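Asks: Throw the hints in and build the complete structure from the sequences for me.
These protein sequence lines map, in sequence, to chains A and B. Counting in my numbering, the first sequence runs from 1 upward without gaps. Counting in my numbering, the second sequence runs from 1 upward without gaps.
I should point out that these hints are in silico values taken from the structure, not numbers from a laboratory. If you're wondering where the values come from, they're calculated on a predicted model, not measured in any experiment. C-beta atoms are modelled at their ideal positions from N, C-alpha and C, and glycine is treated no differently. Possibly wrong hints are sitting among the right ones.
Pairs of lysine-lysine residues, derived as DSS-like cross-links and limited to a Cα-Cα distance of at most 27 Å, are as follows [stated by the list, open to error]:
id, chain 1, residue 1, chain 2, residue 2
1, B, K263, A, K274
2, A, K274, A, K256
3, B, K78, A, K244
Computed footprint of chain A on chain B; a stretch qualifies when at least three of its residues, placed anywhere within it, have a C-beta under 8 Å from a C-beta of chain A [stated by the list, open to error]:
id, segment
4, 15 to 22
5, 33 to 42
6, 65 to 74
7, 82 to 93
8, 184 to 193
2 protein chains.
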Amino acid sequence: MTKQFKKAAIIGVGLIGGSLALTLRQKKLVASITGIGRAGSANLELAKRMGVVDEVSHEISEGVKGADLVIVAVPVRKIASSIIKAISSLTAPCVITDVGSVKKAIILEVERCIPAGIDFVPGHPIAGTEHSGVESAFISLFQNRVCILTPTEKTNKAAVETVKRMWEATGSKVVTMDAAVHDRILSAVSHLPHIIAYTLVNAVADAGDGALDALNYSAGGFRDFTRIASSSPEMWVDICAMNKGNIIEMIGKFEKTLAELKKQLVADDFEGVKTSFEKAKHIRDSITPALKK
Amino acid sequence: MTKQFKKAAIIGVGLIGGSLALTLRQKKLVASITGIGRAGSANLELAKRMGVVDEVSHEISEGVKGADLVIVAVPVRKIASSIIKAISSLTAPCVITDVGSVKKAIILEVERCIPAGIDFVPGHPIAGTEHSGVESAFISLFQNRVCILTPTEKTNKAAVETVKRMWEATGSKVVTMDAAVHDRILSAVSHLPHIIAYTLVNAVADAGDGALDALNYSAGGFRDFTRIASSSPEMWVDICAMNKGNIIEMIGKFEKTLAELKKQLVADDFEGVKTSFEKAKHIRDSITPALKK
Numbered sequence: 001m002t003k004q005f006k007k008a009a010i011i012g013v014g015l016i017g018g019s020l021a022l023t024l025r026q027k028k029l030v031a032s033i034t035g036i037g038r039a040g041s042a043n044l045e046l047a048k049r050m051g052v053v054d055e056v057s058h059e060i061s062e063g064v065k066g067a068d069l070v071i072v073a074v075p076v077r078k079i080a081s082s083i084i085k086a087i088s089s090l091t092a093p094c095v096i097t098d099v100g101s102v103k104k105a106i107i108l109e110v111e112r113c114i115p116a117g118i119d120f121v122p123g124h125p126i127a128g129t130e131h132s133g134v135e136s137a138f139i140s141l142f143q144n145r146v147c148i149l150t151p152t153e154k155t156n157k158a159a160v161e162t163v164k165r166m167w168e169a170t171g172s173k174v175v176t177m178d179a180a181v182h183d184r185i186l187s188a189v190s191h192l193p194h195i196i197a198y199t200l201v202n203a204v205a206d207a208g209d210g211a212l213d214a215l216n217y218s219a220g221g222f223r224d225f226t227r228i229a230s231s232s233p234e235m236w237v238d239i240c241a242m243n244k245g246n247i248i249e250m251i252g253k254f255e256k257t258l259a260e261l262k263k264q265l266v267a268d269d270f271e272g273v274k275t276s277f278e279k280a281k282h283i284r285d286s287i288t289p290a291l292k293k
Numbered sequence: 001m002t003k004q005f006k007k008a009a010i011i012g013v014g015l016i017g018g019s020l021a022l023t024l025r026q027k028k029l030v031a032s033i034t035g036i037g038r039a040g041s042a043n044l045e046l047a048k049r050m051g052v053v054d055e056v057s058h059e060i061s062e063g064v065k066g067a068d069l070v071i072v073a074v075p076v077r078k079i080a081s082s083i084i085k086a087i088s089s090l091t092a093p094c095v096i097t098d099v100g101s102v103k104k105a106i107i108l109e110v111e112r113c114i115p116a117g118i119d120f121v122p123g124h125p126i127a128g129t130e131h132s133g134v135e136s137a138f139i140s141l142f143q144n145r146v147c148i149l150t151p152t153e154k155t156n157k158a159a160v161e162t163v164k165r166m167w168e169a170t171g172s173k174v175v176t177m178d179a180a181v182h183d184r185i186l187s188a189v190s191h192l193p194h195i196i197a198y199t200l201v202n203a204v205a206d207a208g209d210g211a212l213d214a215l216n217y218s219a220g221g222f223r224d225f226t227r228i229a230s231s232s233p234e235m236w237v238d239i240c241a242m243n244k245g246n247i248i249e250m251i252g253k254f255e256k257t258l259a260e261l262k263k264q265l266v267a268d269d270f271e272g273v274k275t276s277f278e279k280a281k282h283i284r285d286s287i288t289p290a291l292k293k
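Replies: Written out as structure tokens, the structure reads:
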């Protein structure tokens, strides 16, 4: 059986890039995989030793040569520049896709540089763990998860189908939407929660009166709630910078909702507080089944 | 071997009361346990059938007769009135303790009613799950958790020792502190996070543009982060009412911290944002080992 791709080049072989490499190989979608990363990267050497990739390269321009599939899984701030570096070494036909948590800013930078015969399909698999690096990669990472593709009017439809089939092969459900809608939705369900988690930890730590020690008394609720405050600050600053407008708007909505609740508390309007808590519980409980799918 | 207590009366045999009953029995600390709950309570009948308690009673005044240990594990709003109901049926010596998440409001109501020979030791085991009811009770619930006791200057020291030994028998680490300090700490590490979780779910749901559907795209972060928004609204409204001052103050601190972050974002001060995220990650990571103890 002919593989779907001759050569996949994966720029950034970490948790996401590494897990995708494992799946591409298991599903026999690709004849050979080249992993691309910084010179001296222990992660990249490990990817080679683990057999996650066949070849490694420290230069994007070298590593992508001859690839008919390029997957860009570097931190979100470096995605556009990595794609632009790759372009001049690629020969048509080739499909490029990425895994960034922000889509519009990347599309704006990349789309004007794409030559004929090279297709760019912006993507975002909604998957991850609090761990990083290829040693954390595993083959079922994308199973039963959602992968969002955000093609533009310029995106080649056949290339979208190709990337869609690749993600479906990982076990993901693929959804297509406008990049601006993606960025708005993600600012609500992912970016805001991370910002709130960081803010909560800082607010509690600054509360004084031994509140920092007090964290030692915190039960499971606080631990679950703040687990995402252990995420990479670099990554989240980049996301804030690249989705700033939506994030500031969502912080505003959150501030307004919190101010209303505080007002109810101050006014002893506990019926109002209860209605608000009940609404949240109802929403949270109703989304759980979807999350578990 | 003589048991430490002849009769324990547990008012409210749910997750906390039931788990404590299981431990008292396993550790052979008590000769007999009476569970007290509402008439027609399926939970109480189940507690009897499960053998969690020996006897059941639907009247506090009846059920506590002859008890030398009374544990009050009803919802926090009903703790003081339950204790006051019990008092007139108790004969000295008897130790009463409770498990409420707020301490000062309970002490203020209860302490002036306590007669000679009856001792009240306010307590709060920091343990729980998102489940409730005796069917969720289990013997290791308190193991390696912290239990806070908040005796006042009026509290009998021998009674504090008695309650301390009881909680130590469950595997908890017992800490003693002032009730006002307890309420302040808990407003920071537990009450504020619950309010923020409810608020976050409501803010995201109100974001419009299909953001509610968007929750279906949310990954593990959102799920973990908002699990506590599935907690009982009734319970959390009661806690808000009984610890209102501290909670409003903590909301204010949180608002200030969030406003500072928003200001940094608006001003493109991403170094400032990064410093703030790094601080939060450092704090969160440094408390993890204590939580795991």
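Asks: Hint by hint, note whether the structure agrees.
Replies: Quick rundown of the hints versus the structure:
1. With a C-alpha separation of about 31 Å, the suggested pairing of K263/B with K274/A is violated against the 27 Å cut-off.
2. A threshold of 27 Å between alpha carbons decides the hint, and for K274/A with K256/A the separation of about 18 Å falls inside it, so the pair holds.
3. Proximity of K78/B to K244/A is assessed by CA-CA distance (about 47 Å); at most 27 Å being required, the pair is judged violated.
4. For the segment 15 to 22 of chain B, the assignment as covered by chain A is violated, since 0 residues bring a beta-carbon within under 8 Å of that chain's beta-carbons and 3 are needed.
5. Coverage of the segment 33 to 42 of chain B by chain A is violated [criterion: at least 3 residues with CB-CB distance below 8 Å; count 0].
6. As drawn, the segment 65 to 74 of chain B meets chain A at 0 residues by the rule of a beta-carbon pair under 8 Å; below three, the given contact is violated.
7. Using a Cβ-Cβ cut-off of 8 Å, 0 residues of the segment 82 to 93 of chain B lie near chain A, which falls short of the minimum of three, so the contact claim is violated.
8. As drawn, the segment 184 to 193 of chain B meets chain A at 8 residues by the rule of a beta-carbon pair under 8 Å; at three or more, the given contact holds.
When held up to the earlier numbered hints, the structure conflicts with 1, 3, 4, 5, 6, 7 and fits the remainder.
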